[in-house]
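Novice: Chain H is fixed; fit chain B onto it per the hints.
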Amino acid sequence: MSTGDNPFRRFVSDFAESKLAVGSLIAFTLVLLAALLAPWISVQNPYDLAQIDILDGRLRPGSTGMNGLTYWLGTDDQGRDMLSAIFYGLRISLGVGAMSGIIALVVGSIVGITAAYVGGKLDTLLMRLVDLILSFPIILIALILLAVMGRGVDKVIFALVVRQWAYFARIVRGAALVEREKEYIEAARSLALSRPRILFRHLMPNCIAPLIVVGTVNVANAIQIEATLSFLGVGLPVTEPSLGLLISNGYEYILSGQYWISVFPGVALLIAVGSLNLVADQLRDVLNPRLQT
Amino acid sequence: MSGPGPTLIVDDLRTHFLTKAGVIKAVDGVSFSVAPGRILGLVGESGSGKSVTGLSIMGLLDWPGRIVGGRIILDGEDLVGLPEERLRQLRGFRVAMIFQDSMTTLNPVLRIDTQIIEALQAHRAIDRKAALRQAAEALKQVGIPAVDERLKAYPHQFSGGMRQRVAIAIAMLNEPKLIIADEPTTALDVTIQAQILYETQKLCREKGTALIWITHDLTVVAGLADEVCVMYAGRIVEHGGVDEVLDRPLHPYTVGLIGSVPKRGWRGRALYQIQGMAPLPLNLPPGCAFRERCPRADEACSQDPEVSTPLPGRRVRCHHPHLGEDS
Numbered sequence: 002m003s004t005g006d007n008p009f010r011r012f013v014s015d016f017a018e019s020k021l022a023v024g025s026l027i028a029f030t031l032v033l034l035a036a037l038l039a040p041w042i043s044v045q046n047p048y049d050l051a052q053i054d055i056l057d058g059r060l061r062p063g064s065t066g067m068n069g070l071t072y073w074l075g076t077d078d079q080g081r082d083m084l085s086a087i088f089y090g091l092r093i094s095l096g097v098g099a100m101s102g103i104i105a106l107v108v109g110s111i112v113g114i115t116a117a118y119v120g121g122k123l124d125t126l127l128m129r130l131v132d133l134i135l136s137f138p139i140i141l142i143a144l145i146l147l148a149v150m151g152r153g154v155d156k157v158i159f160a161l162v163v164r165q166w167a168y169f170a171r172i173v174r175g176a177a178l179v180e181r182e183k184e185y186i187e188a189a190r191s192l193a194l195s196r197p198r199i200l201f202r203h204l205m206p207n208c209i210a211p212l213i214v215v216g217t218v219n220v221a222n223a224i225q226i227e228a229t230l231s232f233l234g235v236g237l238p239v240t241e242p243s244l245g246l247l248i249s250n251g252y253e254y255i256l257s258g259q260y261w262i263s264v265f266p267g268v269a270l271l272i273a274v275g276s277l278n279l280v281a282d283q284l285r286d287v288l289n290p291r292l293q294t
Numbered sequence: 042m043s044g045p046g047p048t049l050i051v052d053d054l055r056t057h058f059l060t061k062a063g064v065i066k067a068v069d070g071v072s073f074s075v076a077p078g079r080i081l082g083l084v085g086e087s088g089s090g091k092s093v094t095g096l097s098i099m100g101l102l103d104w105p106g107r108i109v110g111g112r113i114i115l116d117g118e119d120l121v122g123l124p125e126e127r128l129r130q131l132r133g134f135r136v137a138m139i140f141q142d143s144m145t146t147l148n149p150v151l152r153i154d155t156q157i158i159e160a161l162q163a164h165r166a167i168d169r170k171a172a173l174r175q176a177a178e179a180l181k182q183v184g185i186p187a188v189d190e191r192l193k194a195y196p197h198q199f200s201g202g203m204r205q206r207v208a209i210a211i212a213m214l215n216e217p218k219l220i221i222a223d224e225p226t227t228a229l230d231v232t233i234q235a236q237i238l239y240e241t242q243k244l245c246r247e248k249g250t251a252l253i254w255i256t257h258d259l260t261v262v263a264g265l266a267d268e269v270c271v272m273y274a275g276r277i278v279e280h281g282g283v284d285e286v287l288d289r290p291l292h293p294y295t296v297g298l299i300g301s302v303p304k305r306g307w308r309g310r311a312l313y314q315i316q317g318m319a320p321l322p323l324n325l326p327p328g329c330a331f332r333e334r335c336p337r338a339d340e341a342c343s344q345d346p347e348v349s350t351p352l353p354g355r356r357v358r359c360h361h362p363h364l365g366e367d368s
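Taken in sequence, the protein lines are chains H and B. Counting from 2, one number per residue, gives the positions in the first sequence under our numbering. Counting from 42, one number per residue, gives the positions in the second sequence under our numbering.
In isolation and in its complexed conformation, chain H is listed as follows:
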């Protein structure tokens, strides 16, 4: 009889085996903190037009503005403090990424697990729908939807969910098809547990491992796509610049040597997406069922 060690502790020590992953996790935590604490650590609210001064426009990093503030990363063409704008931009980017990721995960999981468990025609129907949706590039779907619906955080999230749920549905179905054949599901059926109970309490938790990995990658993806959409000018309103919009604002000045308006938000985006991807990578290794006992 093995008492077995704490699975959570084992998970943590497995994860910590890669220094790069730990570093990425730390970097991502910092990014997350910056986003969460943006209103308290920023020197100004970049969305409050009363606080920004057009005369401070395009100042170099480290210069002092009219109001005595030091702009460590310079200002953009509107006179916004870049550092504050990046904090607030991260807030929007991470928020959009997380929200669209969670909604897509919930919708996709329910669809995928139902398809796998019920099987037959319903399975075929749902999975062909998934194939259809995934055959369109996400940027195309999002552009069309946003062109119709207009700008806004909720609309960007909706546009992302419309395609990303299909990803989760496919992954969950694959995992659930494997789990469904295991005897504990048959045992649950032989005990006459109700179908929703078998689906969500027995089947679902056993399909979580691949979901965590795909979910993390997906959040990183969503952040990137939101930035792309904002860069193209269809994502978020100009008054609430996210990272993509900040990059696009500075784009016209980059050739005249005023690099900071584009580069710093770009670096922030890189750190956020890159660290999240590296964390996901390590999660995939740790949660790989073939490496588990």
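Keep in mind the hints are simulated off the structure, nothing from the lab. It is possible that part of the hints are untrue.
Result set (BS3-like, lysine-lysine): computed pairs, CA atoms no more than 30 Å apart in a straight line [what the hints assert, rightly or not]:
#, chain 1, residue 1, chain 2, residue 2
1, B, K193, B, K181
2, B, K170, H, K20
3, B, K248, B, K193
4, B, K61, H, K122
5, B, K218, B, K193
6, B, K218, H, K183
7, B, K218, B, K243
8, B, K248, B, K218
9, H, K183, B, K304
10, B, K243, B, K304
11, B, K181, B, K218
12, B, K243, B, K170
13, B, K304, B, K248
14, H, K183, B, K61
15, B, K170, B, K61
Specialist: Below, chain B without anything else, positioned relative to chain H:
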């Protein structure tokens, strides 16, 4: 048969799988009965239809499997054609099942107490505390030590034998009339297997539960069952008391099965092998399904053999049973 009537009567059960390639007659006219507190061994090779028989009784056949004929009478109620709602009331309550693979038979992400309480609450209104007490009682019964601690554990903290005990405890929870055990000890080592066989036997006798033990292992049946049915290609080819069948097999297939079990003092000698492989029960030609592999087959075997009763309490489906001269 003495005492009360049988718990389960299976009468001419036919379970077919309607596939694109044709009809697979996985169970083709199987009849047997089990009395309370008695143990029936269902023996056969892989693909002989023994597991499908079990699943048919549970009403857990997967598509495209279907019961196309016969009756399954549990406690006076015919299960064939019952609405799913009624079947669900019986499942896990009047009839329970224990599965083969002890490693996957419990849900790896739920604690043992959760899984036991869930099984209890599926069939009656019982509050958590009372359910927990009953769960502890159930684990004690199957010989699990330090019950309170064990209840809070996850399946991966149990050994294979322990898990199978938990599975048996869950099957016994609602004191069903009938338990179907589908090779539950196959994956366990022999000492654990012996313990579990002994304890299951004891529990069934005490509680008057009828038990169907599905296995391919004749030695298990020898030590456990009262009666044995030998299945081949979806049919019962021989049926009788366990000692009689093992001591004096009538069907050539049973003779072959017994001959292929290694015995003491036979070292260095070749074991008996049944020639060929069990046929796929897909579009079987008429006649005895065993005739291709049977040393006693002749022209008569291209006709379906009828069930005969050459000895009291014995049924055999063969034209040339081993009678007298060479058993």
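Novice: For the pair we were handed, K243(B) and K170(B), check the Cα-Cα distance against 30 Å.
Specialist: Satisfied, since the Cα-Cα distance of roughly 28 Å is no more than 30 Å.
Novice: CA of K218(B) to CA of K193(B), is that 30 Å or under?
Specialist: holds (29 Å)
Novice: Does K181(B) pair with K218(B) here, judged by a C-alpha cut-off of 30 Å?
Specialist: holds (21 Å)
Novice: Check whether the Cα positions of K243(B) and K304(B) lie no farther apart than 30 Å.
Specialist: At roughly 28 Å apart (the allowed maximum being 30 Å), K304(B) and K243(B) satisfy the hint.
Novice: Just to be careful, I want the Cα atoms of K304(B) and K248(B) compared with a cutoff of 30 Å; is the pair within it?
Specialist: The given pair, whose Cα atoms are some 35 Å apart, is violated under the 30 Å limit.
Novice: Assess, step by step, whether the Cα of K183(H) is no farther than 30 Å from the Cα of K61(B), and give holds or violated.
Specialist: holds (25 Å)
Novice: Are the Cα positions of K61(B) and K122(H) separated by 30 Å at most?
Specialist: Holds, at roughly 16 Å.
Novice: Within a Cα-Cα threshold of 30 Å, do K193(B) and K181(B) meet the stated pairing?
Specialist: holds (14 Å)
Novice: Is the Cα-Cα distance between K170(B) and K61(B) 30 Å or less?
Specialist: Measuring from Cα to Cα gives roughly 51 Å; hence the hint is violated.
Novice: Does K193(B) lie within 30 Å of K248(B) when you go C-alpha to C-alpha?
Specialist: OK: K248(B) and K193(B) at ~27 Å, within 30 Å.
Novice: For the pair supplied as a hint, K248(B) and K218(B), is the alpha-carbon distance within the 30 Å limit?
Specialist: Holds, at about 9 Å.
Novice: Holds or violated: K183(H) with K304(B), Cα cutoff 30 Å?
Specialist: violated (36 Å)
Hints 2, 9, 13, 15 from the list above are not met by this structure, while the remaining hints are.
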